[in-house]
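Trainee: Each chain, written out:
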Amino acid sequence: MVHQPGLLPETASQTAGPYVHIGLMPSVAGIDGNVREIGGDIAGPEAAGERIRVEGMIRDGQNMPVCDAVIEVCQANADGIFVGAGQVEPGFAGWARVATDFDTGLWQLNTVKPGAVGHQAPHLALWVVARGINVGLHTRVYFDDEDTANATCPVLTCVPDARRGTLIARRSGGAYRFDIRLQGDDETVFFDL
Amino acid sequence: MSVYRPRDWTVQPPALTPAYKSTRARAPRSPLLRMPDGTASATSPVFGHAACGSLDNDLLQNAMQDGTPIGERIILHGRVIDQDARPVPGTLIEIWQANAGGRYRHVNDDYIAPLDPNFGGCGRTVTDADGDYRFMTLRPGPYPWPNSPNSWRPAHIHVSIMGTSFAQRLITQLYFQGDPLVPLCPIVQAIPDKSAVDRLVARLDMDAARPFDALAYRFDIVLRGRTATPFETNAEGN
Numbered sequence: 001m002v003h004q005p006g007l008l009p010e011t012a013s014q015t016a017g018p019y020v021h022i023g024l025m026p027s028v029a030g031i032d033g034n035v036r037e038i039g040g041d042i043a044g045p046e047a048a049g050e051r052i053r054v055e056g057m058i059r060d061g062q063n064m065p066v067c068d069a070v071i072e073v074c075q076a077n078a079d080g081i082f083v084g085a086g087q088v089e090p091g092f093a094g095w096a097r098v099a100t101d102f103d104t105g106l107w108q109l110n111t112v113k114p115g116a117v118g119h120q121a122p123h124l125a126l127w128v129v130a131r132g133i134n135v136g137l138h139t140r141v142y143f144d145d146e147d148t149a150n151a152t153c154p155v156l157t158c159v160p161d162a163r164r165g166t167l168i169a170r171r172s173g174g175a176y177r178f179d180i181r182l183q184g185d186d187e188t189v190f191f192d193l
Numbered sequence: 001m002s003v004y005r006p007r008d009w010t011v012q013p014p015a016l017t018p019a020y021k022s023t024r025a026r027a028p029r030s031p032l033l034r035m036p037d038g039t040a041s042a043t044s045p046v047f048g049h050a051a052c053g054s055l056d057n058d059l060l061q062n063a064m065q066d067g068t069p070i071g072e073r074i075i076l077h078g079r080v081i082d083q084d085a086r087p088v089p090g091t092l093i094e095i096w097q098a099n100a101g102g103r104y105r106h107v108n109d110d111y112i113a114p115l116d117p118n119f120g121g122c123g124r125t126v127t128d129a130d131g132d133y134r135f136m137t138l139r140p141g142p143y144p145w146p147n148s149p150n151s152w153r154p155a156h157i158h159v160s161i162m163g164t165s166f167a168q169r170l171i172t173q174l175y176f177q178g179d180p181l182v183p184l185c186p187i188v189q190a191i192p193d194k195s196a197v198d199r200l201v202a203r204l205d206m207d208a209a210r211p212f213d214a215l216a217y218r219f220d221i222v223l224r225g226r227t228a229t230p231f232e233t234n235a236e237g238n
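Chains as they are written, first to last, in our numbering: chain A, 1 to 193; chain B, 1 to 238.
The set of hints was computed from the structure by calculation and includes no laboratory data. Where is the CB? At the ideal position from N, CA and C, for every residue including glycine. Check the hints yourself; a few may be wrong.
Just the calculated beta-carbon pair ranges, DEER-fashion [what the hints assert, rightly or not]:
| id | chain 1 | residue 1 | chain 2 | residue 2 | range |
| --- | --- | --- | --- | --- | --- |
| 1 | B | 3 | A | 80 | 47 to 53 Å |
| 2 | A | 79 | B | 208 | 24 to 30 Å |
| 3 | A | 174 | B | 29 | 30 to 36 Å |
| 4 | A | 87 | B | 129 | 22 to 28 Å |
| 5 | B | 86 | A | 160 | 33 to 39 Å |
| 6 | B | 29 | A | 84 | 48 to 54 Å |
If you only want the chain B side, here are some residues facing chain A, beta carbon under 7 Å, derived [to be verified]:
| id | residue |
| --- | --- |
| 7 | 28 |
| 8 | 29 |
| 9 | 38 |
| 10 | 62 |
| 11 | 94 |
| 12 | 105 |
| 13 | 121 |
| 14 | 150 |
| 15 | 151 |
| 16 | 158 |
| 17 | 166 |
| 18 | 222 |
| 19 | 226 |
| 20 | 227 |
Start from the sequences and build out the full structure, keeping to the hints where you can.
Mentor: Structure below.
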């Protein structure tokens, strides 16, 4: 807990609720055409680097799939440059939204594999909101074929050994698998940025 | 590189608030891990006004089929600032809400209240140079939800603010002054700090009302503050 004399208090968070799609991903809610959809394509057609797919599920403490979540993803391009921090390819947004499927709870993201950012290993930053989540949850996706970079990443090395694996996506076939466990023995590490 | 002021968790709801049942299986049990300073990306996508269509902030018109939607017409406006009272210009605000009868236009909402053919319930705008924003919409209705047999949500509008990076990212809900359902709602009451709850209540703003058209409510938003390096201070205004 931090008291901050002299500063205005931050506005309190409230859950995004089960109908979050109306505001953030209206086409998923079944609304078409009222407002333009944003956050659909994170990399754009001209981005350099390896094209990858990242997919997974979110499960709760009872191992049930979370079928009403929205995940925002932020990443650097293949050269490790964030939008706003340097030159990136035209059309590279570096930011996207994905929803978990209403029936299966699966989500997937098609993108390019990000490069290392400074000393930080290649990663995707995720922000998860859903019914039952009072304050959006920050986590990261690292890659299991980046052992060398992962071993020295200043964020990953802060994570206790026993829990580090919750942040590592496993390559399987053409995709990386990254499951999020909100609660339980294999609970994903969530960050206070 | 900006460094954000540490989040003051005393004004935020804890993850686990059992009276709000959905948190019981979805709240992480381990404490959040503090990320080393300077390691979180301090950038965010930029959405200029071009990202928004001209009616995106007018929910009374942006889903219109054959007339105006039913309900109490309101102007919703306010300012986005940070903890140091600096305006946050050019940031994307998205809102979503139920219609006047308390029904959402969402494939998963099957409440008995009817959809309004002229109301979508989603809107978007970008704050101006002073951090100000404005929507035209209608006051949403309260509705029942399956938390307990007689749980009712107070009238509310969901508000998403992009901020300058994930560290400032915020989703909240605003309520309406005088609503007797606010103290009964376990989602609202997940916030232990009474004054923090009070700041989620939009205030009737008669000075901003449009006579013979719409009442106005004011809702100001405070995002986390930043500490700027000397370099960044010099670069401000670029």
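Trainee: None of the hints should be skipped; say for each whether it holds.
Mentor: These are the hints, each one checked on the structure:
1. 3/B x 80/A: 47 to 53 Å: 20 Å, violated
2. 79/A x 208/B: 24 to 30 Å: Since residue 79/A and residue 208/B have Cβ atoms about 47 Å apart, the given range 24 to 30 Å is violated.
3. 174/A x 29/B: 30 to 36 Å: For residue 174/A and residue 29/B the Cβ distance comes to about 34 Å; the hint holds.
4. 87/A x 129/B: 22 to 28 Å: Roughly 26 Å apart at Cβ, these two residues keep to the hinted range, so it holds.
5. 86/B x 160/A: 33 to 39 Å: 37 Å, holds
6. 29/B x 84/A: 48 to 54 Å: This hint is violated: roughly 35 Å between Cβ atoms.
7. 28: 5 Å, holds
8. 29: 6 Å, holds
9. 38: 9 Å, violated
10. 62: Constraint on residue 62/B satisfied, holds at 5 Å.
11. 94: 5 Å, holds
12. 105: Holds: closest Cβ of chain A sits about 6 Å from residue 105/B, inside 7 Å.
13. 121: 6 Å, holds
14. 150: With a closest approach of 19 Å, the residue 150/B hint is violated.
15. 151: 13 Å, violated
16. 158: This interface hint holds because 6 Å falls under the 7 Å limit.
17. 166: 6 Å, holds
18. 222: The hint holds - residue 222/B has a Cβ within 7 Å of chain A, the shortest such distance being about 5 Å.
19. 226: 11 Å, violated
20. 227: Violated, because the Cβ-Cβ distance from residue 227/B to chain A comes to roughly 11 Å (cut-off 7 Å).
The structure does not agree with the numbered hints 1, 2, 6, 9, 14, 15, 19, 20 stated previously, though it agrees with the rest.
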